[in-house]
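A.B. asks: Here are the chains, one letter per residue:
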Amino acid sequence: KEDEEDESKEEDNGSQQNRASRRKNYQRKNRDGKKAGEEGSQKKDRGKTAPNKDQKESENKEKKTTKRGKEGENKQKKDRKSSTSSASSNSSDEESLSEEELAMLKEQVEQKKKLISTMRNKPWRMVKKLSVLREAQDFVEKFEGALGKGKGKKLYAYKMMMAKKWVKFKRDFENFKTQCIPWEMKIKEVESHFGSSVASYFIFLRWMYGVNLVLFGLIFGLVIIPEVLMGMPYGSMPRKTVPRDEQATAMDFSVLWDFEGYIKYSALFYGYYNNQRTIGWLKYRLPMAYFMVGISVFGYSLMVVIRSMARNANESTADGDDDNFIFSWKMFTSWDYLIGNPETADNKFASITTSFKESIVDEQESNKDENIHLRRFLRVLANVLIICCLCGSGYLIYFVVKRSQTFSKMQDVGWYERNEVEIVMSLLGMFCPPLFETIAALENYHPRIGLKWQLGRIFALFLGNLYTFLLALMDDVNEKLAEEDVVKNITHWALLGHHNSSAGNDSTVTPPPLDPADVPRGPCWETTVGIEIVRLTVSDILVTYITILVGDFIRACFVRFVNYCWCWDLEAGFPSYAEFDISGNVLGLIFNQGMIWMGSFYAPGLVGINVLRLLTSMYFQCWAVMSSNVPHERVFKASKSNNFYMGLLLLILFLSLLPVAYTIMSLPPSFDCGPFSGKKRMYDVIQETIELDFPLFVAKIFSYVANPGLIIPAILLMVLAIYYLNAVSEAYQRANAELKKKMQMQREEEKNKRNNKATTNPMLQDLEDLLTPSTKTESPPKQAEDKKIESLNGTSPVRKAGREALDGSPMAGGRGAPFTLPPQVFVTQPRALGARAPYPGQPRPWGHPLGPVPGRGRGQPCY
Amino acid sequence: LRLFDRYRDLAPQLVPLDYTDKPAVTLPYELIGSMPELKDNPFRQRIAEVFSEHGDGNMTLDDFLDMFSVLSEMAPRDLKAYYAFKIYDFNNDDYICKSDLEKTVNKLTRNELTPEEVSLVCEKVIYEADVDNDGKLSLEDFQHMIVRAPDFLSTFHIRI
Numbered sequence: 001k002e003d004e005e006d007e008s009k010e011e012d013n014g015s016q017q018n019r020a021s022r023r024k025n026y027q028r029k030n031r032d033g034k035k036a037g038e039e040g041s042q043k044k045d046r047g048k049t050a051p052n053k054d055q056k057e058s059e060n061k062e063k064k065t066t067k068r069g070k071e072g073e074n075k076q077k078k079d080r081k082s083s084t085s086s087a088s089s090n091s092s093d094e095e096s097l098s099e100e101e102l103a104m105l106k107e108q109v110e111q112k113k114k115l116i117s118t119m120r121n122k123p124w125r126m127v128k129k130l131s132v133l134r135e136a137q138d139f140v141e142k143f144e145g146a147l148g149k150g151k152g153k154k155l156y157a158y159k160m161m162m163a164k165k166w167v168k169f170k171r172d173f174e175n176f177k178t179q180c181i182p183w184e185m186k187i188k189e190v191e192s193h194f195g196s197s198v199a200s201y202f203i204f205l206r207w208m209y210g211v212n213l214v215l216f217g218l219i220f221g222l223v224i225i226p227e228v229l230m231g232m233p234y235g236s237m238p239r240k241t242v243p244r245d246e247q248a249t250a251m252d253f254s255v256l257w258d259f260e261g262y263i264k265y266s267a268l269f270y271g272y273y274n275n276q277r278t279i280g281w282l283k284y285r286l287p288m289a290y291f292m293v294g295i296s297v298f299g300y301s302l303m304v305v306i307r308s309m310a311r312n313a314n315e316s317t318a319d320g321d322d323d324n325f326i327f328s329w330k331m332f333t334s335w336d337y338l339i340g341n342p343e344t345a346d347n348k349f350a351s352i353t354t355s356f357k358e359s360i361v362d363e364q365e366s367n368k369d370e371n372i373h374l375r376r377f378l379r380v381l382a383n384v385l386i387i388c389c390l391c392g393s394g395y396l397i398y399f400v401v402k403r404s405q406t407f408s409k410m411q412d413v414g415w416y417e418r419n420e421v422e423i424v425m426s427l428l429g430m431f432c433p434p435l436f437e438t439i440a441a442l443e444n445y446h447p448r449i450g451l452k453w454q455l456g457r458i459f460a461l462f463l464g465n466l467y468t469f470l471l472a473l474m475d476d477v478n479e480k481l482a483e484e485d486v487v488k489n490i491t492h493w494a495l496l497g498h499h500n501s502s503a504g505n506d507s508t509v510t511p512p513p514l515d516p517a518d519v520p521r522g523p524c525w526e527t528t529v530g531i532e533i534v535r536l537t538v539s540d541i542l543v544t545y546i547t548i549l550v551g552d553f554i555r556a557c558f559v560r561f562v563n564y565c566w567c568w569d570l571e572a573g574f575p576s577y578a579e580f581d582i583s584g585n586v587l588g589l590i591f592n593q594g595m596i597w598m599g600s601f602y603a604p605g606l607v608g609i610n611v612l613r614l615l616t617s618m619y620f621q622c623w624a625v626m627s628s629n630v631p632h633e634r635v636f637k638a639s640k641s642n643n644f645y646m647g648l649l650l651l652i653l654f655l656s657l658l659p660v661a662y663t664i665m666s667l668p669p670s671f672d673c674g675p676f677s678g679k680k681r682m683y684d685v686i687q688e689t690i691e692l693d694f695p696l697f698v699a700k701i702f703s704y705v706a707n708p709g710l711i712i713p714a715i716l717l718m719v720l721a722i723y724y725l726n727a728v729s730e731a732y733q734r735a736n737a738e739l740k741k742k743m744q745m746q747r748e749e750e751k752n753k754r755n756n757k758a759t760t761n762p763m764l765q766d767l768e769d770l771l772t773p774s775t776k777t778e779s780p781p782k783q784a785e786d787k788k789i790e791s792l793n794g795t796s797p798v799r800k801a802g803r804e805a806l807d808g809s810p811m812a813g814g815r816g817a818p819f820t821l822p823p824q825v826f827v828t829q830p831r832a833l834g835a836r837a838p839y840p841g842q843p844r845p846w847g848h849p850l851g852p853v854p855g856r857g858r859g860q861p862c863y
Numbered sequence: 001l002r003l004f005d006r007y008r009d010l011a012p013q014l015v016p017l018d019y020t021d022k023p024a025v026t027l028p029y030e031l032i033g034s035m036p037e038l039k040d041n042p043f044r045q046r047i048a049e050v051f052s053e054h055g056d057g058n059m060t061l062d063d064f065l066d067m068f069s070v071l072s073e074m075a076p077r078d079l080k081a082y083y084a085f086k087i088y089d090f091n092n093d094d095y096i097c098k099s100d101l102e103k104t105v106n107k108l109t110r111n112e113l114t115p116e117e118v119s120l121v122c123e124k125v126i127y128e129a130d131v132d133n134d135g136k137l138s139l140e141d142f143q144h145m146i147v148r149a150p151d152f153l154s155t156f157h158i159r160i
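Order-wise, the sequence lines are chains A and B. The UniProt record's numbering numbers the first residue of the first sequence as 1 and each following residue consecutively. The UniProt record's numbering numbers the first residue of the second sequence as 1 and each following residue consecutively.
What the hints contain is simulated information worked out from the structure, not anything from laboratory work. Fair warning: there could be bad hints in the mix.
Straight line, CA to CA, 20 angstroms or less: simulated EDC-like cross-link-like pairs of lysine to aspartate or glutamate [stated by the list, open to error]: (1) A:Lys753 x B:Asp134; (2) A:Lys753 x B:Glu102; (3) A:Lys357 x B:Glu117; (4) A:Lys357 x B:Glu73; (5) B:Lys103 x B:Glu117; (6) A:Lys188 x B:Glu73; (7) B:Lys136 x A:Asp138; (8) A:Lys188 x B:Asp151; (9) A:Lys741 x B:Asp132; (10) B:Lys98 x B:Asp78; (11) A:Lys186 x A:Asp172; (12) A:Lys679 x A:Asp485; (13) B:Lys136 x A:Glu749; (14) A:Lys357 x B:Glu123; (15) A:Lys330 x B:Asp40; (16) B:Lys136 x B:Glu102; (17) B:Lys39 x B:Glu49.
Just so you know, these numbers come straight off a predicted model, no measurement behind them.
With the sequences and hints as input, model every part of the structure.
C.D. replies: Below you can see the structure in the form of structure tokens.
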């Protein structure tokens, strides 16, 4: 009966006793099966009304606080049980309800249910909501059970009960889930200090962490664990042991740091895995699993990224370039309610003020009269410079990687030479972006556009670096492949030689097995690639951490402590405190993820390393941000950038998928290491599995499906579908724009109409008044005439005098005959001139030959 | 549960642990205004007034819940717009008139703008958003305008 408990505690802080008594009353009127129905209805209603997190919290709170109520509930339970027995005797009363009544009741119940479900959206006061909710619930409670009839009633009641139990379960699960979200308080803290844009970085980090965790679970559970548990242990096979000549140094830290030595021959890397078809007693198909996991890593990431993008796109349906409401939005949405720190609040106030002032200035200014040619020239110059930088960095990387290959052939290399590649790449990543920023100052863009350019350039930089790195690596791989043939022969001869020598003594005894460490090993290019990528990732991580430490923390300490004895004010002047570089950090995160995707096929342990890195990064960066950063001066919002970052992530996913796909499809795996050794191509494992493990007809089906004749039309069909959907979406967009324009026009029209109405209001009124008397049959002209004359007399002696003068004197100028007429016209035509108040005393009809004209249109002169 | 704890923390001696007999406990505005989430918000006075029962800023637990539920992430957009309108309507006449706008601007900029700038801003706002052209913003005008705003949902939000 905990649902009843919940209900009363949530809705009703104190009126549990009332409720209990009311319920008892209801029980007396109970029908059969009502008990289940009542329970169910309460649950369902509550399920709909309290998905809100706060209400859930309040519900939990009330659960905790009222223990006394529980006992009351138990008592009710007992009472109810006793009453159902009496209620069952009332079942015969059911039939007394007629059909229409039932239908009507049903309708009402539906209405109440709808009301309950939309309760959340109504802007009523809490108290009112609660009372209405209670009323509706009681109503539903009362009549729902009565709706199922006859034999089906028990089933119906049962169904309702199950439905409600399910809803309750779902709600509890949601509760649990929201409580499980990690780091919520931390993020809130950051948010209140720095605003929503910085917090969005941390939310992104958290999301990434989730994705990586899932990937890690996949890889770990399906590949590493089986290998460790069921595969051949270390040392049993040549590929799993450190070769004899390396054993001496295998445990050295420096060697381990380079991921050689023991780590190289461990489950972390591709080379460790055996190519046995099945391992262990479960007959677990390891090579197949390895391959499928590799593919599914990409598949899952793709799905997750696209889903997230779609969700973001849904939320921001309003087209962002709606410039109609700049000031209104500034006024009503610029204050970030999340801010909870005085320093940030100060900053926010300052930025709002500045932003208002800027907009005012924009508003008042006429078009900026700038030299467009100079601007264009500067922009082209800046772009040229930046392209030079990019090419330069690409070449540098290529050069360094080539050098490292020659180094690896030499003995006796220093630490610097060994790690040169990584160091150079990290340095490039550290220094080029600020360089780009300074060059971009030439361009003089609007800040948001400038930011986008900056991001694009950094992106190009990293991409270029990564791809030159890969190209250099490919050279390495090809070399290794060429080596393989040579080594194959050597191995063969070495084994033969060993057998001969050991069998030389006794030809009947089988030769003692060669110690695995002594077998000459072939080169293993996949492991090499894996090692390189892992080293790159690790150095990237280190560089990031060190940058944060030095760039933010040391700088802050320096500024804080040395400020006392320094010439100029360090805090306000040059070094000052660092601001949190959102875009740099997000890009770093995205590229890191790209590298992980690239390397996870060759080094399954890489994802584990990344998970650790994200975890520590979260705490580390939170600490760093709170302790040594200051809020941005221009506090701007995170709104649209989210989709932008997701788009970048998607791009990187594709770009890192390409090399892996290429190697899977076209390079032969090493003969001596890895789960695919011995095959011609890595994807042969699928074919093998299909042929051997599945029944025959599956193989046939696959061979039909894989027929190019079928695949090419399928691809064509998909391309056509994409084209069609694109066209449809464009059409919708156009329709949308049209509608918006229409709405705008309507608004303008209305505004204009009302504006006009405002200025010509009196005139309109007069016209209306004039119109109405003329539509009626001419009221006695005499009266009008008298009135007119009266008004004439009353309004202006001047007019009279003028008239008399006119009558008396000869017509002046050209105002001859026409003016003899008008006065008569005036006199004879009935007019309600009283309303003509605005035009009294104006000798217009006399002085102005056009006097009667305006009125002529309506047959009425007006003056 | 968290909310209740926060509510209690504001005034431990006033709020009883046991809510069974629905005590009419209200917390005075000063306590609410000193909550860390609201402390720096220039509109905290208005927020408290809007959500309190008698419009004076003193809130019962229900009002407290109401306030944070509207300001949470999950409240629907229209509901938030409705309450935002009430918050910005300083004189409670169901219209945001020019004086309300002026007060809003001054609160936002802490009186750093000159009066001419303030009035210019207010006029611009009325020009942009007033659809029925009565010189002030009604609820429909406000909703029509705020529903388009891309950051309304993310800024009108308190995390607790």
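A.B. asks: Could you check the structure against the hints above and give me the numbers of any it violates, in ascending order?
C.D. replies: Of the numbered hints given earlier, those the structure breaks are 2, 4, 7, 10, 11, listed in rising order.
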